[in-house]
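Q: Sequence:
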Amino acid sequence: VLSKAKQKVPHRLYAVCLMANHLHLLLRPDHASELPKLMHWFGWYSAMALNRLSGRCGHFWEARSYATAIAAKDHRHVLKTLRYIHANPKAAGIRKGFYDP
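Under the working numbering, residue 92 is the last one in the sequence shown; the count climbs by one each step, no gaps.
It should be emphasised that the hints constitute simulated quantities derived from the structure, not laboratory data. Predicted model, so just to flag it, every value in this text is computed and none were measured. Errors might be hidden in some of the hints.
As the list claims (entries may be wrong) - Derived BS3-like pairs: lysine-lysine, alpha-carbon spacing no greater than 25 Å straight-line: (1) Lys(-5) x Lys28; (2) Lys28 x Lys(-3); (3) Lys(-1) x Lys28; (4) Lys81 x Lys71; (5) Lys28 x Lys64; (6) Lys(-3) x Lys64.
Could you build all of it, start to finish, from the sequences and the hints given here?
A: Structure representation (structure tokens):
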């Protein structure tokens, strides 16, 4: 899914965290105007692929996706978002920390 998304809408992926009912991505499309298209396509295609793998059909993700733009030069906000994404499994009680097996 990630490689197909890169072909569909060129972008750089900095972080990803797949949870049971949602997904976190930190990415930068080559053209900012492409972000809504990328998020829509990614939600649709990943749901289709995950449904196929699990033998399900219909909605996969719990809620519609949303994207928040972060200015590339806002390094503090980018770093805070990166930490949030990496800490998500611990916050959900799934892992004790980033390096847990």
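Q: Give a verdict on every hint.
A: Going through the hints against the structure:
no.: 1; hint: Lys(-5) x Lys28; verdict: holds (14 Å)
no.: 2; hint: Lys28 x Lys(-3); verdict: holds (12 Å)
no.: 3; hint: Lys(-1) x Lys28; verdict: holds (9 Å)
no.: 4; hint: Lys81 x Lys71; verdict: holds (16 Å)
no.: 5; hint: Lys28 x Lys64; verdict: holds (23 Å)
no.: 6; hint: Lys(-3) x Lys64; verdict: holds (23 Å)
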